[in-house]
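Full structure from sequences and hints, please.
For what it's worth, the working numbering labels the leading residue of the sequence shown as 2, then goes sequentially.
One or more of the hints may lead you astray.
As the list claims (entries may be wrong) - Below, computed lysine-lysine pairings styled on DSBU-like, alpha-carbon distance capped at 30 angstroms:
| no. | residue 1 | residue 2 |
| --- | --- | --- |
| 1 | K31 | K190 |
| 2 | K56 | K31 |
| 3 | K176 | K190 |
What the hints assert, rightly or not - Here are the simulated distance ranges between beta carbons:
| no. | residue 1 | residue 2 | range |
| --- | --- | --- | --- |
| 4 | R41 | V5 | 17 to 23 angstroms |
| 5 | K31 | D120 | 45 to 51 angstroms |
| 6 | L199 | R70 | 18 to 24 angstroms |
| 7 | E43 | I15 | 38 to 44 angstroms |
| 8 | F205 | R74 | 41 to 47 angstroms |
| 9 | I121 | S196 | 31 to 37 angstroms |
| 10 | R74 | S188 | 45 to 51 angstroms |
For the record, the hints were derived by calculation from the structure and aren't laboratory data. From the three backbone atoms N, C-alpha and C, an ideal C-beta is built for every residue, glycine too.
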Amino acid sequence: MDAVLQDIPIDCLIPHPENSNHMTAEMLRKLRRHIERTGRYEPLTVRSHPNAEGKYEILNGHNRLRVLRAIGRDSARCVVWDVDDDQARLYLATLNRLAGSDIPERRAALLEGLLGTFDIAELSALLPDDRRQLEELERLSHLGPEDLVAASAPDKHEPRVSVILDFILEEAEAKEVNLALDMIRASEKEDISGSQALVRLARFYLVRCTPA
2 MDAVLQDIPI
12 DCLIPHPENS
22 NHMTAEMLRK
32 LRRHIERTGR
42 YEPLTVRSHP
52 NAEGKYEILN
62 GHNRLRVLRA
72 IGRDSARCVV
82 WDVDDDQARL
92 YLATLNRLAG
102 SDIPERRAAL
112 LEGLLGTFDI
122 AELSALLPDD
132 RRQLEELERL
142 SHLGPEDLVA
152 ASAPDKHEPR
162 VSVILDFILE
172 EAEAKEVNLA
182 LDMIRASEKE
192 DISGSQALVR
202 LARFYLVRCT
212 PA
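Quick look at the structure:
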């Protein structure tokens, strides 16, 4: 694989549509302060755009590009790789785990695309994702909407075990989640708890939003 280091105009850099990496506003501010103070940053990793002549598609460095645009840079230092679509997806799934965090549904779609080209043994050796996670994603990708609902329904013959879900949201995100749960609870004929509303929200997403 040939790699070339060069400065590329910002307007010629296009984010990869399957990028799943997300950086919080606070981390973006820190990245911006660092670049403004030192002028230094890790070169972006790109390839020649497969559909737009003279343009480049980003494989690693989407957040750096956002900062460079925000501070008015005209160009960005880039490493240009000569890779095909499958290799691009593989690098996208690997490199972008080094900074920021994933948007779950986008990463699931990205991994599902990779599972159509690579087998689980290959991906588990190359990606930071656990083999069991990849196997479960592959299994879910072959289920229809009815199967997904059945899979998420509790087994009446198994003892009920309560599980604590632990995650932290920014204030604005928490307001959105609570509003959605309140709307679900208000639409139900019987009184349900917030946790039951969350389960209904998850089942709705599984049925309506599972990639084809």
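Here is what the structure says about each hint:
1. K31 / K190: Not satisfied, since the Cα-Cα distance of roughly 48 angstroms exceeds 30 angstroms.
2. K56 / K31: Holds. K56 to K31 sits at ~28 angstroms (cutoff 30 angstroms).
3. K176 / K190: Given that 30 angstroms is the threshold and the Cα spacing comes to 24 angstroms, the pair holds.
4. R41 / V5: 17 to 23 angstroms: With a Cβ separation near 20 angstroms, R41 and V5 satisfy 17 to 23 angstroms, so the hint holds.
5. K31 / D120: 45 to 51 angstroms: violated (39 angstroms)
6. L199 / R70: 18 to 24 angstroms: With a Cβ separation near 37 angstroms, L199 and R70 fall outside 18 to 24 angstroms, so the hint is violated.
7. E43 / I15: 38 to 44 angstroms: violated (19 angstroms)
8. F205 / R74: 41 to 47 angstroms: holds (42 angstroms)
9. I121 / S196: 31 to 37 angstroms: Cβ of I121 to Cβ of S196: about 33 angstroms, so the range 31 to 37 angstroms holds.
10. R74 / S188: 45 to 51 angstroms: holds (48 angstroms)
Consistency note: the structure conflicts with the earlier hints numbered 1, 5, 6, 7.
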